[in-house]
Structure formats: C-alpha cells, structure tokens
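Two chains, two separate frames, one set of hints: put the complex together.
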Amino acid sequence: MLDVSTRPVGDDSFVRRLRAGDAEAFEALVRRETPRLLAVARRLLRNEEDARDAVQDGFVSAFRSLDDFGGRCQVSTWLHRITVNAALMKLRTRRRKPEDPIEDLLPSFLEDGHHARHPHEWRDTGEALLASREDRAFVRAAIDRLPDSYRTVLLLRDIEELDTAEVARALGVSDNVVKVRLHRARQALRTLLAPRFEKGNA
Amino acid sequence: MTAGEAVAPAPAAPAPAPLTCREFVELLYDYLLGGLGAERTAAMNAHLATCPSCVAYLKSYEASIRMGRLALAASDDPVPAEVPEALVRAVLAARRP
Numbered sequence: 000m001l002d003v004s005t006r007p008v009g010d011d012s013f014v015r016r017l018r019a020g021d022a023e024a025f026e027a028l029v030r031r032e033t034p035r036l037l038a039v040a041r042r043l044l045r046n047e048e049d050a051r052d053a054v055q056d057g058f059v060s061a062f063r064s065l066d067d068f069g070g071r072c073q074v075s076t077w078l079h080r081i082t083v084n085a086a087l088m089k090l091r092t093r094r095r096k097p098e099d100p101i102e103d104l105l106p107s108f109l110e111d112g113h114h115a116r117h118p119h120e121w122r123d124t125g126e127a128l129l130a131s132r133e134d135r136a137f138v139r140a141a142i143d144r145l146p147d148s149y150r151t152v153l154l155l156r157d158i159e160e161l162d163t164a165e166v167a168r169a170l171g172v173s174d175n176v177v178k179v180r181l182h183r184a185r186q187a188l189r190t191l192l193a194p195r196f197e198k199g200n201a
Numbered sequence: 000m001t002a003g004e005a006v007a008p009a010p011a012a013p014a015p016a017p018l019t020c021r022e023f024v025e026l027l028y029d030y031l032l033g034g035l036g037a038e039r040t041a042a043m044n045a046h047l048a049t050c051p052s053c054v055a056y057l058k059s060y061e062a063s064i065r066m067g068r069l070a071l072a073a074s075d076d077p078v079p080a081e082v083p084e085a086l087v088r089a090v091l092a093a094r095r096p
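Sequences listed follow chains Z and G, in order.
Heads up, the first sequence is in numbering that gives the first Met the number 0, so the first residue is 0 and it goes up one at a time.
Heads up, the second sequence is in numbering that gives the first Met the number 0, so the first residue is 0 and it goes up one at a time.
Be aware that one or more of the hints could be misleading.
SDA-like mimics (lysine to any residue), calculated; alpha carbons at most 25 Å apart, straight line [claimed, not checked]:
hint	chain 1	residue 1	chain 2	residue 2
1	Z	K198	G	L71
2	Z	K178	G	V87
3	Z	K178	G	A89
4	Z	K89	Z	V59
5	G	K58	Z	I158
6	Z	K178	G	H46
7	G	K58	Z	P146
8	Z	K89	G	N44
9	G	K58	Z	H117
10	G	K58	Z	R132
11	Z	K198	G	I64
12	Z	K89	G	P83
13	Z	K178	G	L35
14	Z	K178	G	L91
15	G	K58	Z	L181
16	Z	K178	G	L27
17	Z	K198	G	L69
18	G	K58	Z	G199
19	G	K58	Z	R15
20	Z	K178	G	R39
21	Z	K96	Z	V179
22	Z	K178	G	L31
23	G	K58	Z	L191
24	G	K58	Z	A130
25	Z	K198	G	P51
26	G	K58	Z	P106
27	Z	K198	G	L57
28	Z	K178	G	Y28
29	Z	K178	G	R65
30	G	K58	Z	R139
31	G	K58	Z	P194
32	Z	K178	G	N44
33	G	K58	Z	V179
34	Z	K89	G	A89
35	Z	K89	G	V87
36	Z	K198	G	R21
37	Z	K89	G	L71
38	G	K58	Z	I101
39	Z	K178	G	E38
Keep in mind the hints are simulated off the structure, nothing from the lab.
Same shape as in the complex, but just chain G (with noise of 0.2 Å):
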C-alpha cells in the first residue's frame, strides 16, 4: 500500500450466532434475574421471538416456582393438630434457669 491509500474499513464483526434452545435453557436464570449483558439479552429476546417451545418453556419455569411458593403456604400443608408434647417439655425445660 502507498502513502495515501485509503484503508479499506474493517469487516463487521459477524452477528452472534442465534441462540439453541439448549443454550436459552441454560442462561435462562440469569436472565429472569437481568443478569446477562445487553447482548446477551438481546439473543434470548431474539430466541423468544422465534420460538413457541422456549416461550413456552420460561413461563412453565415460572410458574413452577410460583405454584411451589402456593403449594406450601396453603393451609393444607399437613401441619400436626397435635403438638408433640416431649417437644414443648423439652423446650420449656430449656428455658428454665
């Protein structure tokens, strides 16, 4: 190249290969959390947008943890009517000086 040339721009960097459903699974905790970078986030968003199985997949995943959440504060979470009273003995021996 001579003085003078113009140097011919650099390529563009290629655009980040999409996303497999293996891998949104895997970051997908990060993710709920807006724990991944902005790129990142913008291929789970661009994975969302293609594809029904993953869409689905997230919100089954959060609903998993908000049914956990119901099911154990529901009032029928087996919690003894009687209180084992070798238990309450104990702890209020305990107590005593």
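Just chain Z, same shape as in the assembly (with noise of 0.2 Å):
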C-alpha cells in the first residue's frame, strides 16, 4: 500500500492521481487524514458516532467534488473544511438539549455597574501557552465546560472562522443569535480561564 508518509509525494501528483480514480492514492489519503479529521468532528459533535459519520460523509462529498477541487489550497485543507461542513449539517438537525446556563459564566456586575470581582492584569499568555502543555490542556478543558450552543458557536467562528451569516444559516438562527452566543461564549472561557492566568495566581 502507497505510505504517503515516506513518499515525497507533493500534493500536485497526489490530486493528479486522486482525480484519475487511483484506489490506492485515495486509501491513502483516508489513512493519512482521517485521524485529524475525527478530531475535528468529535470537538464539534460530541458524540463518536455523529463525529465519525460526519468524517465518512466528508469523504463521499470530497470525492464527489473531487472536480472542484482546484488545488488553491493544500488537499488536507480543503477535506477539513468539507468535514466541518459536514458536521455543520449533522449539528443542523440536532434538537438542543437543555445545558447548563452560561450566566453563571458571565461576569456579574454590581448595581452602579462596576465589576463585582475586579478584573487583573493575565501573565503573557502567548509564551505561556506555547510553553506549557500543562496550559495547553487547561485551556482546552475550559473549552469544554461550556455549554454546548456557546462552545459550537465559539469553536465555529473563533476557531474554524466562518463567518456569522454561514454559522447562522448552518445553525438556523439569526445573524444576531449568533453574535450574542459568540460574545457570551467568550466572557464565559475568560472567566473560566482567569484565575489560572491572572497575574499573582499559581
């Protein structure tokens, strides 16, 4: 079987041979790129099943649209994308389930308007965090506590940056819906994140 790992195969030729229908080019491809893809569609789906039906109806639609496909960007690109879009459908048809309320998440303010916990100055989190796994795995934990419609809206638009119309369209919710979500998803990671990495802490 073809090992792309050792091969120096440029994704030029590897298209080239994708399109011409070469089974064991596109084998390939699956076993290279389904690991990361499964990632991808677990941290959005949540669910193993979901999350691997997203990957295999990725795959179909990749291969389907292998003629689009017009080498702009790198193949493992263009299947991440097409994987999103992919359990962007699946999350489409999902009923919400009832979740935690994120206003527990959100900074509370006193009656004249001031914050009730003052907020302080962070570490320098850039070098922190390409530092430490340590932080690395605690932001990522933070990213999972939050409920579930504020953490598909943050990881969507935040980290897969689509923009607000396609998260909306792909949710079936407003423009408006989304930007509200995507605020409160993010005051809710900070207030989850601060204590570890607010100067003066641990």
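Here is the structure:
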C-alpha cells in the first residue's frame, strides 16, 4: 500500500492520481487524514457516532467534488473544510438539549455597574501557552466546559473561522443570535481561564 | 417675544452619560469589530482611559480568543494515533461504484 508518510509525494501529483480514480492514492489519503478529521468532528459534535458519520460523509462529498478542487489550497485544508461542513449539517438536525445556564459563567456587576470582581492583568499568555502543555490542556478543558450551544459557536467562529452568516445558516438561527452567543461564549471562556492566568495566581 | 428680539441659542445637548463597566462589557464585541458608531466608540475609549479594570478585561477577552486558537492548534491536541479501521473501510466502501 502506498505509504504517503515516507515518499516525497507532493500534493500536485497526488491530486492528479486522485482525480484519475487511483484507488491506492485514495486509500492512502483516507488513512492519512482520518485521525485529524475525526478530532475536528469530535470537538464539534461531541458524539463518536456522529463524528464518524461526519468524516465519512465528508470523504464521500469530497470524492464527488474532486473535479471542483482547484488546488488553490492543500488537500488537507480542503478536506478539513468539507468535514466541518458535514459536521454542521449534523448539528443542524439536532434538537437543542437542555444545558447549564451560561449566566453562571458571565461576569457579574454591582448595582452601580462596576465589576463585582475586578479583572486583573494576565501574565503573558502567548509565550506561556506555547511553552506549557498543562496550560494548553487547561484551555482545552475550559472550552469543553462551555455549554454546548455556546461552545459550538465559539468553535465555528473563532477556531474554524466561519463568518457570522455561515454559522447562522448552518445552525438555523439569526445573525444576531450568533453574535450574542459568541460574545457570551468568549466571556465565559475568559471567566474560566482567569483564575489560572491572572498575574499573581499560581 | 416681539419681532427683532434675538432668539436665545438652544442649550447644548448634554454630554452622553459615561458608560458603566457593565455597559462597556456589553458593547465590547461590537467595539472590537469597529461596529459601534462614532459616539459610542468615543464613549468606550473614554471609559478605557479611566478604568484599568476594563482595560484588563478587554485584554484578557482578546487573550482568551487567541489562547483557544493556540490550544486547539497545538500538536498535543489529542489526535488518535491509531486509525479506526471500521471507519476507513466504511469510507472506502462508500467510494466503490
């Protein structure tokens, strides 16, 4: 079987082989890409069966639209986008389950409008994150703690970088709902990260 | 008033009330997108000039977004090393005419 990891197969010739219907190339592609695509689908769908379905749907869709793949980006990037779209289609059909209220994670204010708990400066988080595996794990765990409908919007907007209109269409809600959810999701994430990253904290 | 008397100029519109921290946080999303009008943007800037808490809030709000991206992009994001064979077979089967 074709081992893509060792042969210096550039994307170009690889794509040509895929277009020509080369079964070996297709299998190599599926094996190479599935782990990463599955991780993407899992964090959006939070359900193993749905995540696998989305990856499968994504590949089927990709294979059908191979002619449309203009080679403007890498095959991995293109597959990533198709998988996100497949996951979105699954999300759309889901009924919204009851979830913890986001209000618990939003900042609180006094009657006069001042912060109830004053925000402090954070340590330099760019450097910190690149250096510390524990810090990165902490951030991922914090994102996981967000209520589903808010986490989904955060992932789609801030991580997958879809625009507001696309996310609104995908989730079947208005643009404004997406904006409000994103702002609240970011505030909630901030609340969860502050105890670790504020200067002066351990 | 008789004809010829000067009309007193209308009193100047009162300056908009300064924003509270609560209002600042509420408007933060649009502010960062540059989507507030000139007046509200000025009000946000004025609040930032006098409120170190909200300066810290804004910076940490932006940092949280960056950190989310960094954390999920990092290579230690748990990606399974093994490929689920059943899934691969299902995909290959779906491709066959």
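Results for each hint:
A C-alpha spacing of about 23 Å is found between K198 of chain Z and L71 of chain G, which places the hinted pair at or below 25 Å, so the restraint holds. Taking the CA atoms of K178 of chain Z and V87 of chain G, the gap is about 37 Å. The hint is violated against a cut of 25 Å. Restraint check: the Cα-Cα separation between K178 of chain Z and A89 of chain G comes to about 38 Å, which exceeds 25 Å; the hinted pair is violated. A C-alpha spacing of about 15 Å is found between K89 of chain Z and V59 of chain Z, which places the hinted pair at or below 25 Å, so the restraint holds.
Only pairs whose Cα atoms come within 25 Å are accepted, and K58 of chain G paired with I158 of chain Z is accepted, the gap being roughly 19 Å. With a C-alpha separation of about 23 Å, the suggested pairing of K178 of chain Z with H46 of chain G holds against the 25 Å cut-off. For a cut-off of 25 Å, the pair hint linking K58 of chain G to P146 of chain Z stands: about 23 Å separates their Cα positions. Taking the CA atoms of K89 of chain Z and N44 of chain G, the gap is about 42 Å. The hint is violated against a cut of 25 Å.
Between K58 of chain G and H117 of chain Z the alpha-carbon distance is near 13 Å, which keeps this suggested pair within the 25 Å criterion. Between K58 of chain G and R132 of chain Z the CA atoms are separated by roughly 23 Å; this keeps the pair inside 25 Å, and the hint holds. Only pairs whose Cα atoms come within 25 Å are accepted, and K198 of chain Z paired with I64 of chain G is accepted, the gap being roughly 18 Å. A threshold of 25 Å between alpha carbons decides the hint, and for K89 of chain Z with P83 of chain G the separation of about 20 Å falls inside it, so the pair holds.
Among the hinted pairs, K178 of chain Z with L35 of chain G is consistent with the structure: their alpha-carbon atoms are about 14 Å apart, no more than 25 Å. Our distance criterion of 25 Å between C-alpha atoms is broken by K178 of chain Z and L91 of chain G, whose separation comes to about 39 Å. For the hint linking K58 of chain G to L181 of chain Z, the alpha-carbon distance of about 17 Å falls within 25 Å, and the restraint holds. The suggested pairing of K178 of chain Z with L27 of chain G holds, with an alpha-carbon distance near 11 Å, which does not exceed 25 Å.
Our distance criterion of 25 Å between C-alpha atoms is met by K198 of chain Z and L69 of chain G, whose separation comes to about 20 Å. Between K58 of chain G and G199 of chain Z, the direct Cα distance comes to roughly 16 Å. Compliance with the 25 Å bound is thereby established for this hinted pair. For a cut-off of 25 Å, the pair hint linking K58 of chain G to R15 of chain Z is broken: about 47 Å separates their Cα positions. Straight-line distance between C-alpha atoms of K178 of chain Z and R39 of chain G comes to about 18 Å, which keeps the hinted pair within the 25 Å bound.
Restraint check for K96 of chain Z and V179 of chain Z: satisfied, since their Cα atoms lie roughly 19 Å apart, inside the 25 Å limit. With a C-alpha separation of about 12 Å, the suggested pairing of K178 of chain Z with L31 of chain G holds against the 25 Å cut-off. Simply put, K58 of chain G and L191 of chain Z have alpha-carbon atoms about 15 Å apart, close enough for the 25 Å limit, and the pair holds. Straight-line distance between C-alpha atoms of K58 of chain G and A130 of chain Z comes to about 20 Å, which keeps the hinted pair within the 25 Å bound.
Distance restraint check for K198 of chain Z and P51 of chain G: the Cα-Cα separation of roughly 14 Å lies within the 25 Å cut-off, and the hinted pair is therefore satisfied. A threshold of 25 Å between alpha carbons decides the hint, and for K58 of chain G with P106 of chain Z the separation of about 15 Å falls inside it, so the pair holds. A threshold of 25 Å between alpha carbons decides the hint, and for K198 of chain Z with L57 of chain G the separation of about 15 Å falls inside it, so the pair holds. Proposed proximity of K178 of chain Z and Y28 of chain G is supported: the alpha carbons are some 8 Å apart, at most 25 Å.
The hinted pair formed by K178 of chain Z and R65 of chain G meets the criterion: a straight-line CA distance of about 18 Å does not exceed 25 Å. The hinted pair formed by K58 of chain G and R139 of chain Z meets the criterion: a straight-line CA distance of about 20 Å does not exceed 25 Å. With a C-alpha separation of about 15 Å, the suggested pairing of K58 of chain G with P194 of chain Z holds against the 25 Å cut-off. About 22 Å separates the Cα atoms of K178 of chain Z and N44 of chain G, which keeps this hinted pair within 25 Å; it holds.
As the CA atoms of K58 of chain G and V179 of chain Z are separated by approximately 19 Å, the hinted pair is consistent with the 25 Å bound. Restraint check for K89 of chain Z and A89 of chain G: the C-alpha separation of about 18 Å stays at or below 25 Å, so the hint holds. Between K89 of chain Z and V87 of chain G, the direct Cα distance comes to roughly 20 Å. Compliance with the 25 Å bound is thereby established for this hinted pair. Between K198 of chain Z and R21 of chain G the alpha-carbon distance is near 23 Å, which keeps this suggested pair within the 25 Å criterion.
Among the hinted pairs, K89 of chain Z with L71 of chain G is consistent with the structure: their alpha-carbon atoms are about 22 Å apart, no more than 25 Å. Note on K58 of chain G and I101 of chain Z: the hinted pairing holds, with a Cα-Cα distance of about 21 Å set against a maximum of 25 Å. Among the hinted pairs, K178 of chain Z with E38 of chain G is consistent with the structure: their alpha-carbon atoms are about 21 Å apart, no more than 25 Å.
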